[in-house]
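Chain order of the listed sequences is C and P. The numbering used here numbers the first residue of the first sequence as 1 and each following residue consecutively. The numbering used here numbers the first residue of the second sequence as 1 and each following residue consecutively.
Hint data in this document are derived by calculation from the structure and do not stem from the laboratory. Heads up, a few of these hints could be off.
What the hints assert, rightly or not - If you want the footprint, here are the derived chain P segments under chain C, 3+ residues with CB under 8 Å: (1) 286-297; (2) 317-330; (3) 356-369; (4) 420-434.
For every residue, glycine included, the Cβ atom is placed at its ideal position computed from N, Cα and C.
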Amino acid sequence: MGQTKVRGYRSARWDEPIIMEMSTPGERGVFVPLVEPEIKGEIAEASSYIPASVSRQRPPALPEISQHQALRHYLRLSQQTMGMDLANDISEGTCTMKYSPKVHDELCRLPQMAELHPLQDEETLQGALQILYEFRDILRAISGLDEVSLQGGGGAHAAFINAAVVRAYHASRGELPRRDEFITTMFSHPCDAAAPATAGFKVITLMPDEMGYPPLDQLKAAVSERTAGVMITNPEDTGIYNPAIDRFVEVVHQAGALAFTDQANANSVLGIARARDAGFDACHFNLHKTFSSPHGCAGPAAGAYCCTQELAPFLPVPVVTFDGRTYHLDYDRPLSIGKVREFYGNVPVVLRALAWCLSLGPRGLREVSEIAVLNNNYLMKKLLAIRGVTMPYEERRRLDQVRFSLRQMKEETGIGCHEFQERQIDFGVQSVWTSHHPFVVPEPITPEPCETYSREDLDYWAETAAQVSREAYNEPDKVLGAPYNQPIAKMKGLEALEEHERWAITWRAYQRKIKRRASP
Amino acid sequence: MTDDYFIHPYIPNAVPETKRAMLREIGKASALDIYEPIPQHLRFQGMLDVPGPIHSEAELKRHMKSILAKNVSCEDYLSFLGGGCWQHYVPAAVDEVVNRAEFISAYDGLYYTDHGKQQVKFEYASQLAELLELDGVGLALYDWGTVAGLSLRMACRITGRSQVLVAASAGPERVAVARTLCGPAEVPSHIALETVAFDPATGELNLDDLRAKISSATAAVYIEMPTYLGTIEGRAAEIAVIAHMHGAQFIVGVDPISLGLLAGPGSYGADIVCGDVQSLGVHMSCGGGLGGFIAFRDDDPVYASECPLILFTILETEREGEYAFAEMMEERTSYGLRDKGKDWVGTGAGLWMVASSVYMTLLGPKGFRELGDTVIRRAHYAAKRIAEIPGVRIGLGEAFFKEFVVDFSGTGKTVAEINKALLGHHIFGGHDLSRDFPGLAQCALYCVTEVHTKNDIDRLAAALRSVLVVEGV
Chain C
1 MGQTKVRGYR
11 SARWDEPIIM
21 EMSTPGERGV
31 FVPLVEPEIK
41 GEIAEASSYI
51 PASVSRQRPP
61 ALPEISQHQA
71 LRHYLRLSQQ
81 TMGMDLANDI
91 SEGTCTMKYS
101 PKVHDELCRL
111 PQMAELHPLQ
121 DEETLQGALQ
131 ILYEFRDILR
141 AISGLDEVSL
151 QGGGGAHAAF
161 INAAVVRAYH
171 ASRGELPRRD
181 EFITTMFSHP
191 CDAAAPATAG
201 FKVITLMPDE
211 MGYPPLDQLK
221 AAVSERTAGV
231 MITNPEDTGI
241 YNPAIDRFVE
251 VVHQAGALAF
261 TDQANANSVL
271 GIARARDAGF
281 DACHFNLHKT
291 FSSPHGCAGP
301 AAGAYCCTQE
311 LAPFLPVPVV
321 TFDGRTYHLD
331 YDRPLSIGKV
341 REFYGNVPVV
351 LRALAWCLSL
361 GPRGLREVSE
371 IAVLNNNYLM
381 KKLLAIRGVT
391 MPYEERRRLD
401 QVRFSLRQMK
411 EETGIGCHEF
421 QERQIDFGVQ
431 SVWTSHHPFV
441 VPEPITPEPC
451 ETYSREDLDY
461 WAETAAQVSR
471 EAYNEPDKVL
481 GAPYNQPIAK
491 MKGLEALEEH
501 ERWAITWRAY
511 QRKIKRRASP
Chain P
1 MTDDYFIHPY
11 IPNAVPETKR
21 AMLREIGKAS
31 ALDIYEPIPQ
41 HLRFQGMLDV
51 PGPIHSEAEL
61 KRHMKSILAK
71 NVSCEDYLSF
81 LGGGCWQHYV
91 PAAVDEVVNR
101 AEFISAYDGL
111 YYTDHGKQQV
121 KFEYASQLAE
131 LLELDGVGLA
141 LYDWGTVAGL
151 SLRMACRITG
161 RSQVLVAASA
171 GPERVAVART
181 LCGPAEVPSH
191 IALETVAFDP
201 ATGELNLDDL
211 RAKISSATAA
221 VYIEMPTYLG
231 TIEGRAAEIA
241 VIAHMHGAQF
251 IVGVDPISLG
261 LLAGPGSYGA
271 DIVCGDVQSL
281 GVHMSCGGGL
291 GGFIAFRDDD
301 PVYASECPLI
311 LFTILETERE
321 GEYAFAEMME
331 ERTSYGLRDK
341 GKDWVGTGAG
351 LWMVASSVYM
361 TLLGPKGFRE
371 LGDTVIRRAH
381 YAAKRIAEIP
391 GVRIGLGEAF
401 FKEFVVDFSG
411 TGKTVAEINK
421 ALLGHHIFGG
431 HDLSRDFPGL
441 AQCALYCVTE
451 VHTKNDIDRL
461 AAALRSVLVV
471 EGV
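Generate coordinates for the entire structure from the input sequences, incorporating the hints supplied.
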């Protein structure tokens, strides 16, 4: 770490106004097609087709801006966005911020992808359906499971598909009213608790013991004839792999319930461990995490859902089938849970995932995981050498990420995870992910150095953490005053986050609530 | 293939010297040793049965393009498909911004590092709020169907009731998604979803049926504007009054591109509004361009409190006159309270908020007005030309925006047959409504937007005439 120096990073700072403040009446950003004179002569004005009761009386108060000024505004805002491509984004653990190849974006922009309508005749969508079908086969190999639905619009959506499939499975056996509970673990993603709750189930959450994962006895005590299913992330968000996972599944199965594993952290186990081999009935993958589709400011995304043959009849419609010559969309599935998303999935996201897998092949996929865990263990060693950084739980072996604790730093210097985060970003790394709520690990930080990052990147990230630690112990006020090098100064008035009179979700609300109050 | 190959361009530390040095540093002999916690019997042996690798980017691109070449796009053929995903023109400046590396690659970077992204999201919410005439707008998630279902759930929590009324003219895919979210009758949290008939002559909601079905147990009345069938609900304000008289929430699903001509639903009494941003500058991408939004009144904090989507508020900074944007009431979401949160929220349609914000800026108030005028008049021109074909009539009256029902039942041909024949003319005919609307058997939903010129429409009319009259299918 000796040779690694923190950068003198300065973000762009444009003092860019809000678009709503930039209006000059009369200006416009683009001309739209106008109706032809022949049509004008033949077809009455718009108002004659719109009942007066729902006709717009006042034009919407949108800004009026010329094209260059509009473009410049958004380009400046893009410069005030670090994103992942420019950042050292080891920071966003559990998110698997891997490089998303640019050639995929080019493919998605081709008219044969971008200008497809989902209701076109199947024979004109054979390429799109082939992409869905071929990627289905890849996920069958990676998970060991039998069938796949690519309809989920994100990881949490796939978790909801599971809750709905489990619901339909028990209903088909007449056991639904009795089986009204799901079990998850505290270090599983919040959606593993929230999705079954939305689907109408009570949720029991198992807590980790001193090893870092729930003991089998705790599961045995929670499982009963009321259990419908279990949803567990493994490895969990701590990076800990539960070595007794197959015995967990056995206990669940003995009770007649179904077991799902959330594979949000699958980047560590591609070609290494399959959901099927641990006995799981179903799992999911985030194509925008493990499979390289870009995160796009939080979507578009896809949550692929994989399951056994036994659960396949319950999958959402349609299912893509192949008769050896032609691909089809099969809607005729009487036991299906129905629809979870309009049409049949996020095809461009699947296209990117397929292209990524094809580029890597079987050895490459395995290499992705091996390097991801190597990177993590290397970074772990560097970070644990930093004063004030500790790693909770007796299980010291971690796969793709580590949930570190800054409790010691907080106690000794007053600098905890949030203060750490706001200073570390001044060195040109993305804001470190702390933890989902509740913070079971005190003062948590969770970096995830996936295969994208070079040794130099890892060293740099560790050095920025070491720099914040040195400052915390030597000049804590400097850390408390951070950030310094960002597009905006330190935020204030955070009570607005919770107070109705103070929050303003939109500019019109702000004008009405805040500005009016401020003016005499 | 040599071992060198596996120094893949996406994996820098695959370089053997680097790998060895790093393994030395952590005291392991091989990367596989790190997998110790996974018991041997759970380890997958051998190689995954997956295709690849395709060695070079050039070959990969060519391969993927060869698959995409099996698609026929709406640029290749003339398309009149709508029904929840629409072909509108996307200005080049929208694509320029959406394809910026910073936006396309950003995720959960926080308020300082990704300040620009947060500002765009606030601008998206602010612009949509002006179109909708409501003060609260949540960040986009998946699609209209999902947010319609989540809006119904929100209304049930607000009212403490569990029955909802949904217009029979609402999108069948959307309602199907909403039904999955309402759950089956066996679960205690089940929401009973009942449909309200529409007038077969005009497409308008049947208010007698509404009055007959609504009660003090009704949590919400949901209509669409324009409806899935394209019609404009002229008595929306009256529906709002009926809903409110019974203590129910009035929810309107809206296609925002219509709002240059149509009033914002907030102005006629909507409590909650949902819809899709796809029509606002997002390519169709086979349905990948969808992004659902929820908007609501903010005169009562219960709406924000019960909205499951992420909400941002404007804040100040220590520098005079400078704004920041941060997530508010974070605890109420599934991220804050897990199973005790409001339904769930997750990664959804972030980039399409960027696209729609740029789009709304470029169009401005005049653009929305003019675009609406072009769309509605071209759609009516198309309806007129099609209605001139023997045996063909336009269903549901004249109050429609960009979509309208064409009734082919008098032609003796099925919509499926007609659409197959239209493919021969390189035209995607309107979506067949026979399966989803038994009362509209052998009817099709045609969609006309600003991308369709008079010539395109004349070409469609000629092709239909040829298919129905000359070729006889």
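Cross-check of the supplied hints:
Residue count for the region 286-297 of chain P with a Cβ under 8 Å from a Cβ of chain C: 6. That meets the three needed, and the coverage hint holds. Proximity of the region 317-330 of chain P to chain C, defined as three or more residues with a beta carbon under 8 Å from a beta carbon of that chain, is established by the 11 residues found. Note: the region 356-369 of chain P has 12 residues with beta-carbon separation from chain C under 8 Å; the three-residue rule is met and the coverage holds. A count of 4 residues in the region 420-434 of chain P with a Cβ less than 8 Å from any Cβ of chain C is obtained; the coverage claim is therefore met, three being the minimum.
Going through the hint list in order, the structure satisfies each hint without exception.
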